[in-house]
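Number of protein chains: 2
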Amino acid sequence: MELINLLNHTSEWLKGTGPNADIVISSRIRLARNLDKVAFPHWADKKHGKETLAAITEKVKKIDSLQGITVFLLAEMDSVDKQFFVERHLMSLEHAQKTDNKAVAIDEEEVLSIMINEEDHIRMQVMQSGFNLFEAWNIANRIDDFLNKELDIAYSQDWGYLTACPTNTGTGMRGSVMLHLPALVMTRQIDRVLAAIAKLSFTTRGLYGEGTQASGNFFQVSNQVSLGHSEEEIIENINGLIRQIIEQENQARDLLLSRNRAMLEDRVNRSLGILKSARIISSQETIELLSMIRLGNDLEILKEISRRQINELFILTQPAHLQKIENKKLSSMERDIKRAELIRKRLNLIL
Amino acid sequence: MELINLLNHTSEWLKGTGPNADIVISSRIRLARNLDKVAFPHWADKKHGKETLAAITEKVKKIDSLQGITVFLLAEMDSVDKQFFVERHLMSLEHAQKTDNKAVAIDEEEVLSIMINEEDHIRMQVMQSGFNLFEAWNIANRIDDFLNKELDIAYSQDWGYLTACPTNTGTGMRGSVMLHLPALVMTRQIDRVLAAIAKLSFTTRGLYGEGTQASGNFFQVSNQVSLGHSEEEIIENINGLIRQIIEQENQARDLLLSRNRAMLEDRVNRSLGILKSARIISSQETIELLSMIRLGNDLEILKEISRRQINELFILTQPAHLQKIENKKLSSMERDIKRAELIRKRLNLIL
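Going down the list, the sequences are from chains A and B.
Take the first sequence: its position 313, counted from the start at 1, is 312 in numbering that gives the first Met the number 0, and no numbers get skipped.
Take the second sequence: its position 322, counted from the start at 1, is 321 in numbering that gives the first Met the number 0, and no numbers get skipped.
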């Protein structure tokens, strides 16, 4: 599989299907694993880093529960390619920074991504559309069983899986759910909701993980604790919280529809009007306007565009995606012009 | 002529024709006249006010240089009708406030409006599209000659025409020109230009005359001095200033086109996109967006809409016009919804 093929492909997490796909964009399970008696990546010297990469790569290529596993070596990728993977949520920003003996493996449906020599030797992520953590866990679990059989994974009877950072020790699992909460933002209830989430020992992040701000009303909620509970317990815990947030977002949407329908229709239609006519548009503004279009689609204010088409615009308008489409490096201003062009073309085709 | 007939009629000043009609919306000559030996309106008692109204009305109806002169008695108009006239620039805000023995006469092309018993007994205004003060003066002069022949007008050999406010004494004339200066605003040169105008003893006002703020980049420039110069000298003076402002606006437009074309196309197209999609829109926002559309039309960025169609939208979206169209009183929120509806309908018909 070539990286460029991904351009015309909709990642699993962008399909806009699955349970509660109106509010839950995607569900993600991440597992941190390390080889036994091998220094963690940050402490490993070049020789050991190379050996680790080779050993894991060999086994990862043999995973047969998913189609078309390809391993991309970061040293062979330019900065746009790396950013392209970050935008598709296939690898972390941190992983893209230093490229020595690092790789990322993905399957052709982009359900799985395995970062090799990130903070841990293995950072496996399984994504599913909609509210579907258990399904993501089932897939991850099968792959984890395979890797545990093929590799000597660091595991302690007392502590569970050993990880570079002690906060990941235990299950080594993080479950996270990407939520679209425009109505809670518009009705100004979001701060209360985020405060409640924090009190329950969950973390909230923006579209692009740790350190990124919430934009376009997207919030990624994940567990902080991975020790002392089974994977199923942790997932059930997250699910319980997410069900409550979904309920509150739905109530806020009903409230907007019953009390502020005209205002809502105005905002949704203006957002579409701007997207269809702008000649220069930033990535940030695009996300915010698409967020309104997505809400309009959920509430049947807009009926001409599918959720999948909106989701695709979120990703295609990202900086590296635009540069891959144009097949050249673009300045920030050039991107803003090309982004507006692409949006107009897509929306006028659809509408 | 019924007031309602005006709704489907484009006032002379909105036709978008005449010299420099891209930058100069309209040219206006206003003459202040009073009956000799009759108290000015603010000092006159009811009986004298009534006599004055009757005497002037009789003669005004006989003006034969324009078609279809109709006299509207303010006492017989409701508040929406009065506001409707103000929006069409047929009478002043002040004239609409107290209605005793007041009237306004207009011809069917809305070239002429004569306010009776405003600050002066007679306030005659002649409007022309584009940069055309001399033509407006010629029309006003003919009507003034007629009224001078038919009525005993207060005139002093030393002072000229006598008026309620001494600043109008002399010619009793004010010439004013409504300018659309978006490029001077966008290139932040407008404050310098306005300061220069003020230094030259001209005044600048907004769309609706004295005390109103400039909005939508519209500026009304008029002379302050009406004494000590002939009408032709005063007009030549204004014309000289206006020619300079036109030149500067044109230079600013060229600058925007050569240096910021993408930004300009973005603003113009976004403005059209918002107008075509908004569900709630204020009068203020409408004027600002239409101003951008008008500039886009002038610069051939938008080619689908004519200047006249844009000009008509400026007036039809005003509060009283919307209420006359709907034939009922509307709350502010209802107007904002109806305004958006009307704009969408008109722009989708055109485009």
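Take these hints with a grain of salt, some might be off.
Any copy, or any two copies together, can satisfy a pair, since identical chains are not distinguished.
What the hints assert, rightly or not - Derived DSSO-like pairs (lysine-lysine); straight-line CA-CA distance at most 30 Å: (1) K302 to K344; (2) K327 to K61; (3) K60 to K14; (4) K344 to K36; (5) K302 to K275; (6) K337 to K275; (7) K60 to K148; (8) K302 to K337.
To be clear, the hints were calculated from the coordinates, so they are not data collected in a lab.
All values derive from a computational prediction rather than experimental measurement.
Hints, verified against the model:
For a Cα distance limit of 30 Å, the shortest separation of K302 from K344 qualifies both inside one copy, at 18 Å, and across copies, at 20 Å. Taking the closest pair of Cα atoms, K327 and K61 never come within 30 Å of each other, the shortest separation being 34 Å inside a single copy and 75 Å across copies. In this assembly of identical chains, the alpha carbons of K60 and K14 lie at most 30 Å apart only when taken from the same copy (25 Å versus 73 Å across copies). Taking the closest pair of Cα atoms, K344 and K36 never come within 30 Å of each other, the shortest separation being 54 Å inside a single copy and 73 Å across copies.
Taking the closest pair of Cα atoms, K302 and K275 come within 30 Å of each other both inside a single copy (16 Å) and across two copies (17 Å). Taking the shortest alpha-carbon separations for K337 and K275, both the intra-copy value of 13 Å and the inter-copy value of 23 Å come in at or below 30 Å. In the homo-oligomer, the alpha carbons of K60 and K148 lie at most 30 Å apart inside one protomer (14 Å), although the nearest pairing across protomers, at 105 Å, exceeds that limit. Taking CA atoms no more than 30 Å apart as the test, K302 paired with K337 passes in both settings, with 26 Å inside one copy and 23 Å between copies.
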